[in-house]
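Colleague: Each chain, letter by letter, is given below.
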Amino acid sequence: MTQVSMTVNGKTVSRDVEPRTLLVQFLREHLGLTGTHVGCDTSQCGACVVHVDGRSVKSCTILAAMANGSQVTTIEGLANGDTLHPMQEAFRDNHALQCGFCTPGMIMSAVDLVNRNPNPSEETIRHELEGNICRCTGYHNIVKAVQAGAQAMK
Amino acid sequence: MYEFNYHRPTSLAEASKLLAGAADGKFVAGGQTLLPTLKQRLAAPSDLIDLGGIAELQGIKVDGGSVSIGAGTRHGVVAKSAEVAKAIPALAKLAGGIGDAQVRNMGTIGGSLANNDPAADYPAAVLGLNATIHTNKRTIAADDYFKGMFETALEDGEIIVKVTFPIPKRAGYVKFPNPASRYVMVGAMVAETASGIRVAINGAAPCVFRHKEMEAALAKSFSADALKGIKTDPKTMNNDIHASAEYRAHLVGVIAKRAVLAAG
Ligand SMILES: Cc1cc2nc3c(=O)[nH]c(=O)nc-3n(C[C@H](O)[C@H](O)[C@H](O)COP(=O)(O)OP(=O)(O)OC[C@H]3O[C@@H](n4cnc5c(N)ncnc54)[C@H](O)[C@@H]3O)c2cc1C
Ligand code: FES
Ligand code: FES
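The listed protein sequences correspond, in order, to chains A and B. Taking this note's numbering, the leading residue of the first sequence gets 1, the next gets one more, and so forth. Taking this note's numbering, the leading residue of the second sequence gets 1001, the next gets one more, and so forth.
Heads up, a few of these hints could be off.
[Unchecked claim] Which chain A residues face chain B? A few, computed with CB under 10 Å, are given here: (1) V13; (2) G46; (3) M66; (4) T73.
[Said to hold, decoys possible] What follows is a set of in silico ranges between Cβ atoms, one per label pair, in the way DEER data are often shown: (5) A:Y139 x B:F1150: 47 to 55 Å; (6) B:T1037 x A:E29: 17 to 25 Å; (7) A:V13 x B:A1023: 47 to 55 Å; (8) B:D1063 x A:T7: 36 to 44 Å; (9) B:H1242 x A:Q98: 44 to 52 Å; (10) B:E1003 x A:N80: 39 to 47 Å; (11) B:A1153 x A:H127: 50 to 58 Å; (12) B:L1261 x A:R15: 40 to 48 Å.
[Said to hold, decoys possible] Below, a list of computed lysine-lysine pairs in the DSSO-like style, where the Cα atoms sit at most 27 Å apart: (13) A:K154 x B:K1080; (14) B:K1169 x B:K1026; (15) B:K1026 x A:K144; (16) A:K11 x A:K144.
Don't read these hints as lab results, they were simulated from the structure. Backbone N, C-alpha and C fix where the C-beta goes; we use that ideal spot for every residue, glycine too.
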């Protein structure tokens, strides 16, 4: 066992876990934060994206131990009480989800991309979301939502 | 994943010691190749030694003639470095095209080069730009480093510390990505360097290689037209579900021409 401590959505947490525990397992199984999804076992789908020290990463492809001491934000950490984050609101307004399985990862990637790039073009959004796969929407409304979310985040 | 012990050393010496003391230890950097491999249970190391806490593996330095990149530098940092973009734009572009944003936020140049996946991007930069690999034991010239599919000149326990790229007169990199994984189906780094024209082709064959016939043609005239009619033998190409050997051989010509145009 190895001790892992980190700040998740503003709260300090500490657990003894097996070293092979992935960050996504730590979040879902040890902390009960099931908003972060697992959609593949090949590190390709992006359903599991969270922020570690402000950068979006695939939480299925980083050990919890590698994130020891980090600041982690998951989809549960975006809203402010009952007020959705502007990017969440933009996804709802623009019909950017159907089944919603990809949505947590999509939104975490989108927020990271807008943080680095406050005025993303359509081309930039499509390039930056290459690591997030959606089986439902055809992406078009996701791109529109990210553009609207970027404006709303200003 | 099978069980393993996890260590996070803060110096190269400590990392070497931990590896030497492990039954079957392995280094992990960004984990973007190793963790998917472990998840598939394709490897079962007894110990993982995380290189992420070693300060001397981090950072980018540009001086008069070269760009030096620490082995632990993430692809996204290279892609967004204004210094790299100014000194060797083709290198920044290459880094920005690796995988996706999340892979670039974790994956490192050292991990990519140690792995030497035939479909990886960085090997083309190292071979095409005539870079030097610095390890904790020695320096290795690009021409001596890549030995075959997933094979390099690295010895057991040898750690890549940094990679030094001499700044070329001009260089261009173009890849034809696999649309699902973004890995390279065929890529080309074409560069005019102090030691002559270099053309490195990745993705196409089991290991990155220099296309000597193209280099000779470009030395006479640095233009896309100079590559007209130069054939690549399909027998030397990879043949898999993504592309046949014949298709890859054809793409080598197309992509190399685009890389010449990108070099300007
Ligand atoms: C979905 C996806 C898409 C990808 N697409 C691309 C792509 O388009 N192009 C591309 O080039 N790559 C791609 N990759 C791979 C990615 O670039 C990896 O980051 C890279 O191959 C390995 O770097 P890493 O730091 O993650 O290494 P790790 O996975 O941590 O390690 C890989 C190997 O290198 C060894 N190692 C690591 N650092 C050192 C060091 N300093 N010295 C000695 N040995 C070391 C490790 O022991 C291990 O054997 C992709 C990966 C994923 C998951
Ligand atoms: S679960 Fe698919 S990339 Fe992480
Ligand atoms: S909304 Fe169903 S996968 Fe994206």
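Colleague: If a hint holds in the structure, say so; if it does not, say that too.
Modeller: Each hint, compared with the structure:
Using the Cβ-Cβ criterion of 10 Å, the hint placing V13 (chain A) at the interface with chain B is not satisfied: the shortest such distance is roughly 18 Å. Because the closest C-beta pair between G46 (chain A) and chain B is about 7 Å apart, less than 10 Å, the hint holds. Look at M66 (chain A): its Cβ gets to within about 6 Å of chain B, closer than 10 Å, so that hint holds up. With a cut of 10 Å, the hint placing T73 (chain A) at the interface with chain B is violated, because the nearest CB-to-CB distance is about 14 Å.
At roughly 34 Å, the beta-carbon separation of Y139 (chain A) and F1150 (chain B) lies outside the given 47 to 55 Å, and the hint is violated. Taking the beta carbon of each, T1037 (chain B) and E29 (chain A) are about 22 Å apart, inside 17 to 25 Å as hinted. For V13 (chain A) paired with A1023 (chain B), a C-beta distance near 32 Å fails the hint of 47 to 55 Å. Hint check: D1063 (chain B) to T7 (chain A), Cβ distance near 38 Å, so the stated range 36 to 44 Å holds.
For H1242 (chain B) paired with Q98 (chain A), a C-beta distance near 29 Å fails the hint of 44 to 52 Å. Taking 39 to 47 Å as the suggested C-beta distance range, the pair E1003 (chain B) and N80 (chain A) conforms, at roughly 40 Å. Against the hinted window of 50 to 58 Å, the Cβ-Cβ separation of A1153 (chain B) and H127 (chain A) comes to about 34 Å, which falls outside the hint. Roughly 54 Å separates the CB atoms of L1261 (chain B) and R15 (chain A), a value that falls outside the hinted 40 to 48 Å.
Between K154 (chain A) and K1080 (chain B) the CA atoms are separated by roughly 22 Å; this keeps the pair inside 27 Å, and the hint holds. Between the alpha carbons of K1169 (chain B) and K1026 (chain B) the distance comes to roughly 38 Å, so the proposed pair goes past 27 Å and is violated. With a C-alpha separation of about 44 Å, the suggested pair K1026 (chain B) and K144 (chain A) falls outside the 27 Å cut-off, and the hint is violated. Distance hint between K11 (chain A) and K144 (chain A) is unfulfilled; the C-alpha atoms sit about 33 Å from each other, more than 27 Å.
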